[in-house]
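Line by line, the protein sequences give chains A and B. Residue numbering for the first sequence follows numbering that gives the first Met the number 0, beginning at 0 and increasing consecutively. Residue numbering for the second sequence follows numbering that gives the first Met the number 0, beginning at 0 and increasing consecutively.
No lab work stands behind these hints, which were simulated from the structure alone. Don't take every hint at face value.
[Stated by the list, open to error] Now the in silico label distances, taken between C-beta atoms and shown as ranges: (1) A:Leu22 to B:Glu100: 43 to 51 Å; (2) A:Leu18 to B:Leu310: 47 to 55 Å; (3) A:Met242 to B:Lys80: 32 to 40 Å; (4) B:Lys80 to A:Ile241: 33 to 41 Å; (5) B:Lys26 to A:Met242: 37 to 45 Å; (6) A:Leu220 to B:Glu100: 29 to 37 Å; (7) A:Leu284 to B:Gly45: 57 to 65 Å; (8) A:Arg234 to B:Gln15: 25 to 33 Å; (9) B:Pro72 to A:Gly211: 48 to 56 Å.
Beta carbons are placed, not taken as given, at the ideal position from N, Cα and C, and that holds for glycine.
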Amino acid sequence: MSSSDTKTDMLSTHDGEPLKKSLGRALRRQKMRALLLIAPLLAFIILGFLMPIGSMLTRSVDNEVVEEIMPRTVAALEDWDVDSTELPPEETFRALVADLQVAVENRTALTFARRMNYELAGFTTMVRRAQREVRRIDLETDGPFRDMMIESHEGWGELATWRALKAYSGDPTIGYYLSAVDRTMVSGHIEPLPDDRSIHLMLFWRTAWMSGLICFLGLLLGYPIAFLLANVKERYANLLLIMVLLPFWTSLLVRTSSWKVLLQEQGVINQMLVWIGLVADDNRLTMINNKFGVIVAMTQILLPFMILPLYSVMKTIPPSYVRAAKSLGANDWTAFWRVYFPQSVPGIGAGAILVFIMAVGYYITPELVGGPSGMFISNRIAHQWYVSGNWGLVGALGTILLVAVLVLYWVYDRVVGIDNVKLG
Amino acid sequence: MSETRTDGFVVFDRVQKSYDGETLVVKDLNLSMPKGEFLTMLGPSGSGKTTCLMMLAGFETATHGEILLDHKPINNIPPHKRGIGMVFQNYALFPHMTIAENLSFPLEVRGMGKSEREGKIRRALDMVQMGEFGNRRPAQLSGGQQQRVALARALVFEPELVLMDEPLGALDKQLREHMQFEITNLAHTLGITTVYVTHDQTEALTMSDRVAVFNDGRIQQLAPPEDLYERPENSFVAQFIGENNKLEGVVETINGDRCTVRLDDGTVIDAKPVNVTKAGERTRVSIRPERVESNPDRLASDAHLVDAEVLEFIYMGDTFRVRLRVAGNDDFIMKYRNAQDQGRYSPGQKIQIGWQAEDCRALDA
Numbered sequence: 000m001s002s003s004d005t006k007t008d009m010l011s012t013h014d015g016e017p018l019k020k021s022l023g024r025a026l027r028r029q030k031m032r033a034l035l036l037i038a039p040l041l042a043f044i045i046l047g048f049l050m051p052i053g054s055m056l057t058r059s060v061d062n063e064v065v066e067e068i069m070p071r072t073v074a075a076l077e078d079w080d081v082d083s084t085e086l087p088p089e090e091t092f093r094a095l096v097a098d099l100q101v102a103v104e105n106r107t108a109l110t111f112a113r114r115m116n117y118e119l120a121g122f123t124t125m126v127r128r129a130q131r132e133v134r135r136i137d138l139e140t141d142g143p144f145r146d147m148m149i150e151s152h153e154g155w156g157e158l159a160t161w162r163a164l165k166a167y168s169g170d171p172t173i174g175y176y177l178s179a180v181d182r183t184m185v186s187g188h189i190e191p192l193p194d195d196r197s198i199h200l201m202l203f204w205r206t207a208w209m210s211g212l213i214c215f216l217g218l219l220l221g222y223p224i225a226f227l228l229a230n231v232k233e234r235y236a237n238l239l240l241i242m243v244l245l246p247f248w249t250s251l252l253v254r255t256s257s258w259k260v261l262l263q264e265q266g267v268i269n270q271m272l273v274w275i276g277l278v279a280d281d282n283r284l285t286m287i288n289n290k291f292g293v294i295v296a297m298t299q300i301l302l303p304f305m306i307l308p309l310y311s312v313m314k315t316i317p318p319s320y321v322r323a324a325k326s327l328g329a330n331d332w333t334a335f336w337r338v339y340f341p342q343s344v345p346g347i348g349a350g351a352i353l354v355f356i357m358a359v360g361y362y363i364t365p366e367l368v369g370g371p372s373g374m375f376i377s378n379r380i381a382h383q384w385y386v387s388g389n390w391g392l393v394g395a396l397g398t399i400l401l402v403a404v405l406v407l408y409w410v411y412d413r414v415v416g417i418d419n420v421k422l423g
Numbered sequence: 000m001s002e003t004r005t006d007g008f009v010v011f012d013r014v015q016k017s018y019d020g021e022t023l024v025v026k027d028l029n030l031s032m033p034k035g036e037f038l039t040m041l042g043p044s045g046s047g048k049t050t051c052l053m054m055l056a057g058f059e060t061a062t063h064g065e066i067l068l069d070h071k072p073i074n075n076i077p078p079h080k081r082g083i084g085m086v087f088q089n090y091a092l093f094p095h096m097t098i099a100e101n102l103s104f105p106l107e108v109r110g111m112g113k114s115e116r117e118g119k120i121r122r123a124l125d126m127v128q129m130g131e132f133g134n135r136r137p138a139q140l141s142g143g144q145q146q147r148v149a150l151a152r153a154l155v156f157e158p159e160l161v162l163m164d165e166p167l168g169a170l171d172k173q174l175r176e177h178m179q180f181e182i183t184n185l186a187h188t189l190g191i192t193t194v195y196v197t198h199d200q201t202e203a204l205t206m207s208d209r210v211a212v213f214n215d216g217r218i219q220q221l222a223p224p225e226d227l228y229e230r231p232e233n234s235f236v237a238q239f240i241g242e243n244n245k246l247e248g249v250v251e252t253i254n255g256d257r258c259t260v261r262l263d264d265g266t267v268i269d270a271k272p273v274n275v276t277k278a279g280e281r282t283r284v285s286i287r288p289e290r291v292e293s294n295p296d297r298l299a300s301d302a303h304l305v306d307a308e309v310l311e312f313i314y315m316g317d318t319f320r321v322r323l324r325v326a327g328n329d330d331f332i333m334k335y336r337n338a339q340d341q342g343r344y345s346p347g348q349k350i351q352i353g354w355q356a357e358d359c360r361a362l363d364a
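If we strip away everything but chain A, and leave its shape as in the complex, we get:
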């Protein structure tokens, strides 16, 4: 009886105010203060992180430009079958002329041309020629427009042009994602790009396996160092730790450049090898502008990110575990492998995921020491951005990279459990 009473009765303060409300008011000030403290960071994350990512996602599917500049043409093409072996009817050409005349007036024709040129080379030339032609055309009296357009550039008489225009006129489009995975739909159907234009999948794969290898090498080199750090006297540990952290105080650019000095054909290592006589002077080792250079330089640069999480985890493993293992009859190796190592796994996980994610997005080092064969996907993204200006493709490539990392993180969480990861 009494228990049901307390259930239905809302708890209240002496004044009869509901307890929850009173508590909420008491905590509000505290919450406001906390919020105020993190406000700059919050603003920074929203402005510098979430908004750019949002913009990238939008750009990767945004295709407004075609429909906006060529509205009549896009509408006229709606009834035309991409598989048809005949050119679109005269009305479509009429719509094209009408659209282009407006576009010429608004100076937007080349924006449209550039968009189509990403997918079908030569489109800019066609639009340029057509521009000259439509200036002379009077929409009311002239005709037929089909012949006039084909006369301006024979491309307008080709089925491929119209198929591409129809395929890439939708908004939003998957076109950028298709080209990010080396596919195209210029013919109206999704097909692989020809081999000489397929580069992205290869780069994604290369970025992944090289990052994995860098991660593995970092673990191989970092594990013993972290173990040493965690097990020597504090005095020596601090000294060692400073040596590990020293590279952090040097610019990334300087570190990468120093690898250039070491690895190039006239560099320190080659000179040494030639001097010792291990390598002939006219047959110097190529250690730079290839994958080897990238792997060496990035392993060294990312090593601290492997060592630090490992160290912080190893420091928390009490020495009594290994002692216990030995007292139970395990030799040094068994004690390490069966007792110490499993407990250092959270550190390995943290280090590996940190190094891998950082490596996947690395740009400067592959750019400087990678050459064409050591290029990463990020270098391609940068190239698409400042050379081609293809923002849509940049967005699509970036989004794929982001999603890949998130998927990896999710799988990792499933397999290892993210709660098991300790960064410090």
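Given chain A's structure and the hints, the job is docking chain B onto it.
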């Protein structure tokens, strides 16, 4: 002496240990344990007791001297080949393994087959009443349960010697007392030789066959608990074990196992000479609070009585504690049972106290 030294199951023969080459942590340690004994190393922290245990386990090497196990020197045998079971202070149960896997570990590294392992694991867990918990992980167990598992793990490979390094330090009082009983019971039933390290004297007294009291890198006294309490051989042991009143003075007369001591304020008391040999020597006498008698009728007629002033009367339920000023010493404690015929005192009251001469030991100054 030398024969008896090397005769035991576990023998420390003139062992010394230094970490820095400048100070000795363990100075000239000699100890011989027969098989099946439960020996406790008791001492304040830094007294060298844990170092001794670690040397026996093989995690520290003796700087000098020899440690023998079953008549074989073990100085150069690595820990994993010594076959000594060990229970660590914080149990050191492997957190990534289940209880059964923890127990299986020592058997696996010995190359034991699966069915044989399972039998032994079950028996070991049953022995500590943890049979149900084989599939749990250490973190899912309470402190007392972890303690039991640690014990089972140290025993599962049937070692003849088990070392325990303050194994009950992390448990609460009630559980600790219960576990003390269980551990000694188990050790005696299985006939295992046990070396137990603790800084808790109650634990040492209740559990051990013999206790080695460590201080300053040496064994101060090695004796059964009763001797240690009743007959401490020097003032460190007297002070360290149990509660103790001490008074300082000069030996006045010695007559066999009786002597009189003139305290610094002129009071004369009866004592039993332990570390004093002749009149005129300075001494520190030690007497247990429960052996102080306030009723002269219960003492011998010729016993010396001492004047005392009651400073404090503390009611403790089963006992009374009285803090007295005796011969200028404000911390003299008298303890007696709460019984019908016992009087109570109030602060300021002047009384006379005394004791049996053999309860008052004249030790080194």
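Results of checking the hints against the structure:
no.: 1; hint: A:Leu22 to B:Glu100: 43 to 51 Å; result: 46 Å, holds
no.: 2; hint: A:Leu18 to B:Leu310: 47 to 55 Å; result: 52 Å, holds
no.: 3; hint: A:Met242 to B:Lys80: 32 to 40 Å; result: 37 Å, holds
no.: 4; hint: B:Lys80 to A:Ile241: 33 to 41 Å; result: 39 Å, holds
no.: 5; hint: B:Lys26 to A:Met242: 37 to 45 Å; result: 40 Å, holds
no.: 6; hint: A:Leu220 to B:Glu100: 29 to 37 Å; result: 31 Å, holds
no.: 7; hint: A:Leu284 to B:Gly45: 57 to 65 Å; result: 60 Å, holds
no.: 8; hint: A:Arg234 to B:Gln15: 25 to 33 Å; result: 27 Å, holds
no.: 9; hint: B:Pro72 to A:Gly211: 48 to 56 Å; result: 52 Å, holds
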